[in-house]
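Asker: Sequences listed follow chains G and F, in order.
When the letters of the first sequence are read in order and numbered with the numbering used here, they come out as residues 1 to 382.
When the letters of the second sequence are read in order and numbered with the numbering used here, they come out as residues 1 to 49.
The set of hints was computed from the structure by calculation and includes no laboratory data.
None of the values given here were measured: they were computed from a predicted structure.
C-beta atoms are modelled at their ideal positions from N, C-alpha and C, and glycine is treated no differently.
It is possible that some hints are incorrect.
Facing chain F, from chain G, some residues (calculated, C-beta under 10 Å) [claimed, not checked]:
id, residue
1, M34
2, L64
3, S66
4, S70
5, L80
6, G126
7, L202
8, L235
9, G255
10, R257
11, G269
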Amino acid sequence: MRVGGASAQRLDTVLLKVASRCNLDCSYCYVYHMGDEAWRHQPKRMSDAVLQQVASRLAAQLALQSTPFSVVLHGGEPLLLGAERLDRFCAALRAALPHPCGIHVQTNGALLTDPIIDVLVCHDVGVSVSIDGPQAVHDRFRLDHRGKGSFDRVRAGIARLTARADARPLLAGVLAVIDPTSDPAEVYAALKETGAPSLDVLPRDGNWDRLPFGKSAPETVEYGRWLEGLLDAYLADPEPPNVRLLDDLLRLLLGGRSIKEGVGTTDYGILVIEPDGTVEKNDTLKVAGAGADRFERRWSVSEHGFDEILSSPEFLDYYRQQRPLSSMCAVCPDLGVCGGGMVAHRWSSDRGFDNPTIFCADQRHVIARMRGLADAIQSRAA
Amino acid sequence: MQVEKVAVGAGDEVALGSAALERLIAEVRTGEVRSSAGAYNRTYNRHNR
């Protein structure tokens, strides 16, 4: 996407890291347990002064590009801000970014108290909660700093949100990290039971040097089989919520479009703002090694406008990086659907990002199943 | 590289008539992606995390 005839790109999604710490200590977390220690050097929470600069820079960018974008309060755990500071932050952001700009929070849900929910309602902040499925699946990895499972607290937080008529519409979705040894039908049922209108799933992080949990070799399809099981549960459900990943893949196979990064071949302008105001690349790139999510030049909201950042050669290199480099991807008939997967999952130390995603076999496995269904639908309609 | 697809079998009749697929087909036909929450109709969050 381009703004006017200039080389600047548009913002689609801004991750606002309002807290660099987390009240949980999930063993698979890409922020704390993938070798990047940058969080240690960040303030624990974003200050009001930095937030005001952020809001001002985002308002200027909105005026410039006209196309609305989304801001996601992220962390760490963003609700560690507490209700009062969260209220100030959301008020400033909403003043800078009126509807239809989206303000969201991606939370582990354990701190969804009524005072926090009041703030979210007041500023119309959409909520996505990370929960991995039924208690046994969730509590295997999503632990607190004392090693205790967080399921009961997370589920109670979601229940507080959905019990309130004013807050229930804010629950946009729940997000699960896949344990490929779990039963996908059980996970689907547990996520649906939260009452969220949309479910999404993520594979465990990894790359060609460091295989994801549960994947025994690049060519094996543990995640592909798990996703196929999730698809079966989804398609058998007479009253299904949306399933973001599966919907994106299916829509592309049916001739439509996708809406999230890492699927299809649409590129998105995603930036991260750290608690000290530093602007960085997509934080998921941490999976490729410490510092892989940083620009060489230090961009900061205190000194730079987004138009300057978005039109810089370094940003354009980062933006183009979404397109896969691999010659295997270039000739793959599934490229238009999988898009080469997440950039972070393409990494190897000897070839950089010049690889298919480490989940290539898994994605092709589930796409093959979906393609059969899509072809059958289209031949019946003909 | 070849297109791979799994042939649809007798057990896939349920899948082909599923509510989820009907919804997606309607979305593709109209070119719209429906909002996932009633009062939450706004720009999508693209981030995959």
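Asker: Please go over all the hints and tell whether each is borne out by the structure.
Answerer: Against the structure, the hints:
The criterion of a C-beta within 10 Å of any C-beta in chain F is not met by M34 of chain G, whose closest approach is roughly 12 Å, and the hint is violated. A hinted interface residue such as L64 of chain G counts as satisfied when its beta carbon comes closer than 10 Å to some beta carbon of chain F; here the least separation is about 16 Å, so the hint is violated. The beta carbon of S66 of chain G is not positioned within 10 Å of any beta carbon in chain F (closest approach about 12 Å), and the interface hint is therefore violated. Annotation: interface hint on S70 of chain G holds; nearest CB of chain F at approximately 5 Å, less than 10 Å.
Taken as an interface hint, L80 of chain G does not check out: its beta carbon lies about 18 Å from the nearest beta carbon of chain F, beyond 10 Å. The beta carbon of G126 of chain G comes within 5 Å of a beta carbon in chain F, closer than 10 Å, and the hint placing it at the interface holds. At a threshold of 10 Å, the smallest CB-CB gap from L202 of chain G to chain F is about 7 Å, leaving the interface hint in force. Satisfaction of the interface hint for L235 of chain G is found here, the shortest Cβ-Cβ separation to chain F being roughly 4 Å, below the 10 Å cut-off.
Checking G255 of chain G against chain F by beta carbon gives a least distance of about 6 Å; that is within 10 Å, so the hint holds. The beta carbon of R257 of chain G is positioned within 10 Å of a beta carbon in chain F (closest approach about 8 Å), and the interface hint is therefore held. Here the hint on G269 of chain G is kept, as its CB sits about 9 Å from the closest CB of chain F, short of 10 Å.
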